[in-house]
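K.L.:
Here's the letter readout for the chains.
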Amino acid sequence: MGRQRHKMPQETLLKVSNIHVLYGGLNALRDISLTVELGEIVAIIGANGAGKSTLINTISGVVHPVRGSIEYDGKDITNLEPFQIVALGICQVPEAGRVFPNMTVLDNLIIGSYNRNARPKKEQNLKSVYQHFPILEERKNQLAKTLSGGERQMLAIGRGLMSDPKLMLFDEMSLGLSPIVIDELYRVLREIRAKGITAILVEQNVRRSLKEADRAYILEAGQVALSGNADELREEEKVKKAYFGA
Amino acid sequence: MNLDVLTGLSTPIAMGILLGGLYALIALGLSLVFGVMKLINIAHGDLVLLSSYIAFAIMTSLGIDPIISLIIGMPVLFVVGFAIQRYIMNRAFRISMEAPLIIAFGISIILQNLYQIVWTPLSRGLTTSYALESFGVGGLRIPLVYLLDFIVAVVVMLFLREFLRRTYLGKAISAASQDRGASQLMGINTTRVYAFAFAIAMVFAAIAGVFLGLTFPFTPQSGVSFLIIAFGVVILGGLGSILGTFIGGLVMGLAQTLGGYFLGAAAQLLVAYLIVLIVLGARPRGLFGR
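Protein sequences, first through last, are from chains B and E. Okay, so the first sequence: first residue is 1 according to our numbering, each after it adds one. Okay, so the second sequence: first residue is 1 according to our numbering, each after it adds one.
Hints are computed from structural coordinates only; laboratory data are not their basis. If you're wondering where the values come from, they're calculated on a predicted model, not measured in any experiment. Be careful, since some hints might not be right.
[Stated by the list, open to error] The calculated label-pair distances, taken between Cβ atoms and stated as ranges, are:
no.	chain 1	residue 1	chain 2	residue 2	range
1	B	G24	E	A131	54 to 62 Å
2	E	I151	B	A96	40 to 48 Å
3	B	E123	E	E162	19 to 27 Å
4	E	G106	B	L143	35 to 43 Å
5	E	G281	B	E71	52 to 60 Å
For glycine and all other residues, C-beta sits at the position ideal for the given N, C-alpha and C.
Looking at chain E on its own, in the form it has when it is part of the complex (with noise of 0.2 Å):
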């Protein structure tokens, strides 16, 4: 192997990570749902694309970044959250294990409809002034907005440990998804804190969404693909571990950009779930998983 070919392979490398780590950050809130109340959230890439369109709708109005304005769109998201667990799910959990699925479902589709009418079916993106920028590293170009997304995915996860390890409500979640019924004998109200569990999920769609609207353009229907490469991720790396939802980013991440550099990039995708495939056959529970 000659060094113009590692050269050549240091790029797709470098943007595999840092797209790993916004794929991590996708697929956080989908684990945590999962973990805690075995739900998988159906609607879980049109909650990370309603994120996406607030900030859209706030920067174009009133022409606030869209970090910036994830100060509406995180407690937004988390009401949002909180009410969906609360109000519907809570109530769906005592009818069947089938009927939260289909309710989410249901979400999803009500939501995508929103989007078209209200947004239209046009492309969108979180155009910014340093959406464009990108910094050179050893040769290497690197997108800011990318760097961006990976240290923010790698914060916010260990915002996420440290506050399932030292607060109440943190060993509460803890508690209650590894025992329910012994956790409501030690005093937790599991319906509450069912609450808080996907609302604090949201809280990192949130996050997610516009950090993938600074990085990528979308549409009403880009839900839908955010879902999938969170379930990749979360099947590569177990539901419901925090260090196995990194890796199982970084996974998917290394995998789509290597696929795109040797086999072009129609292929990104056939590698990134040719590689989940493998996984789920030789580690059923995931790399991660207990």
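For reference, chain B alone in the conformation it holds in the complex (with noise of 0.2 Å):
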């Protein structure tokens, strides 16, 4: 299951400008710039309250940064809605997955197609959804509550394929959930990576995302403290030293 590292041309899906972000009166985010080409799966990396989760939020549309530009397909989207950038094919799965605990997990499905361009492919991403998670289906007709940790992000992810995005943004995809779960996770990762969808993921799980990733950005108090392709980080002391202990 080898990654397969640019055979597609480079093509800028996503370009972040020089953003600063403020949260609650403090700089959240200083002068980020990112990257992310089409088929791509990037990684952000940093401890807790680098800015990771402010990041994505950002991209997500849920802040909007004070200066600097958010680039996506050609268009300038920093300063749309959540609503509208779901619409473009921009889908967060948020921490913890966050479905909706007293709807039936086919309910949480549809609520994923809401926006207008997805509904038309809905039966299809439907089907799509139950082949990555044929668990989903098993499930269909109960309360998202019931389900296990592991079962309720595999529903926030399906949820957030039936958005039909082109790009997804992970946020602790694999937080407090097992190894054997998190494995499972990371092969549907890659089987919608197949599919053309570029990834962002935010992780504190930083050995697994650089194996998983092709590039990352290692973000320190808000900044980008480091950036590259995931292997050559994997090999970098200061990462080494800071995120495996070694």
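Reconstruct the complex from the two isolated chains, following the hints.
P.N.:
In structure tokens:
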């Protein structure tokens, strides 16, 4: 299951340029720039409070930068609202999944296809979600709150796929889950990627995310401390020291 | 217990259940607005009353039956509800948690004064040809209007349940009420969905207002008593649950008629609210609260 690197022609899907984000009066992000090429998996790693979640929430339109711009597929999306950004094909799978507890598994998935562009493809996307996660089809009439932690995360990913995304943002996808479940989630991530969906992984699990990603950005105190090819970053002394305790 | 007491009781029990349907209908819009927006709509009773007055105006000026006049009343309240949420409450939410509450209070005062000016403080009623009709069931006399109240309440609640389950908008309303942030990340425009939720709640208020007007006389101040009834129902049933609202309505209706039967008319509401107190003490989230 090797990664296919640089097989596609380089085409920038997302371009974040020099953004500053204030959060509760503090500088949550300072002068951050990053690019994501079509078909890539990019990891964003860093300690708690480094600004990882703020960064993807800014891309999703939940918070807006005070300076800088975000360009997606050649369009300026800096000041769009979350629902407009979803309709353009950027979907976030939030931390802890945040599925709708008192709705059935199927209704959670259908809500994923709420945006105008995804509705016509509802049946087709539902079929492919059930292929990725057969357990969701088995449990489609159960309330989401009755699912296990791993199943909820699968539902959250499935719900995200229902929005027919081109770019998916995963916030702490593997947090608090068992190694077996994490393996399954990453298996699906590779399947998703094979379909041409681009992904940004925000992870505290540095070792794992560097293994799966093509490139990575390391955030420290709201700034990009280091970035580059994931394999090379794994060998970098600074990264080893800070994250692998070597 | 002899048979006479049982026959005597059957009247207040039957009336209580039928009345309870109407009470649940009054509370439905309040429950929906709270369940979705977490807004306690102090003006709910006055908005229900707006529908009673619209039906009254149409009946007295054009001679149209109040139930048929809902063809006009429902869209009017839909638009009023949509506008209140879209243009006033959505902005107020950004100021503070208290702002929408105070604005709702202001709307309530404005409406009460409007009714005073336009329709005077006189007691009004939607008096129709069938308003005083009743029919007999096994020795009981049931007013026709009470039966209508109950049937309409059940139909409206079943409609709301199916609407929330089957349509995209209904599912979006449920999703936004469970996790606003996550629903935005799923592509839901919560500002718009909230406006629709308020508008739909006001359509239910429109229906409630007409059937209330058919059942009881009303004055410009009646909104307050409607609100108190709705609060009682919603506290009993738990906010945001349709079945809970229905059961809460039945309990309120029964408490009132049985309280009146045993302790006299003056004690009707006292008994109803004593039950609210007891239920709150035992189950602070209501009988069906999550």
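K.L.:
Decide, hint by hint, whether the structure agrees.
P.N.:
Structure-based check of each hint:
no., hint, verdict
1, B:G24 <-> E:A131: 54 to 62 Å, "60 Å, holds"
2, E:I151 <-> B:A96: 40 to 48 Å, "45 Å, holds"
3, B:E123 <-> E:E162: 19 to 27 Å, "22 Å, holds"
4, E:G106 <-> B:L143: 35 to 43 Å, "39 Å, holds"
5, E:G281 <-> B:E71: 52 to 60 Å, "58 Å, holds"
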